[in-house]
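Assemble the whole structure, with the sequences as input and the hints as a guide.
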Amino acid sequence: MKLIFGILMISQLAVVFSSSAQSPFTAPDSLLIIQEGIASYYGTRFHNRMTANGEIYDMWEFTAAHKHLPFGTLLKVTNKKNGYQAIVRVNDRLPKSSRRIIDLSKGVAEHLNMVNDGIVPVSLELLSHHAIDWVRNQYREVPRDIRLRSYFHGIAYQKDLEIIKKPLR
Numbered sequence: 046m047k048l049i050f051g052i053l054m055i056s057q058l059a060v061v062f063s064s065s066a067q068s069p070f071t072a073p074d075s076l077l078i079i080q081e082g083i084a085s086y087y088g089t090r091f092h093n094r095m096t097a098n099g100e101i102y103d104m105w106e107f108t109a110a111h112k113h114l115p116f117g118t119l120l121k122v123t124n125k126k127n128g129y130q131a132i133v134r135v136n137d138r139l140p141k142s143s144r145r146i147i148d149l150s151k152g153v154a155e156h157l158n159m160v161n162d163g164i165v166p167v168s169l170e171l172l173s174h175h176a177i178d179w180v181r182n183q184y185r186e187v188p189r190d191i192r193l194r195s196y197f198h199g200i201a202y203q204k205d206l207e208i209i210k211k212p213l214r
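In terms of the numbering used here, the sequence shown opens at residue 46 and continues consecutively.
Hints listed in this document are in silico derivations from the structure and should not be mistaken for laboratory results.
Mixed in with the good hints, there may be bad ones.
Stated by the list, open to error - DSSO-like cross-link-like pairs, simulated, lysine-lysine; straight-line CA separation at most 27 Å:
#  : residue 1 : residue 2
1  : K112      : K141
2  : K141      : K151
3  : K126      : K141
4  : K125      : K141
5  : K151      : K126
6  : K141      : K121
7  : K125      : K112
8  : K112      : K126
9  : K151      : K112
10 : K121      : K151
11 : K125      : K151
Right, here's the structure in full:
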């Protein structure tokens, strides 16, 4: 009986500790979502043409066009209709007048199962809190249409200051 109880306790601890583990590459909180809106895709007409950053567009690579995010920015794109996700690299520009927030390559569109729809609602996430800081540092003034929220540094710092300032009794 003690052996069974011991095994159950160890398995419960394993579940608790494994569920609290977090990947060092992505964080599961909504602070990483920087933009939500409509995505479209582009394919054969632009295949093998030069993109805004100078590379040749390959419609099967996981790349995207954005209005102003820095070239090379990695984004997690989530199709809000079905929950499918893909990680893309920004290598092209959308026109400033575009109503869409991102244009995806055809390879990404197929991966997200959006080819038949053409346009879908998506959310864009950066992959880490360090990426938020990096993107913020690329701008003189952060555009109004993206959210680059800081991680918990300020909150943790203020909490530490409150503890230091309290008199000992």
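*Which numbered hints turn out to be false for this structure?*
none
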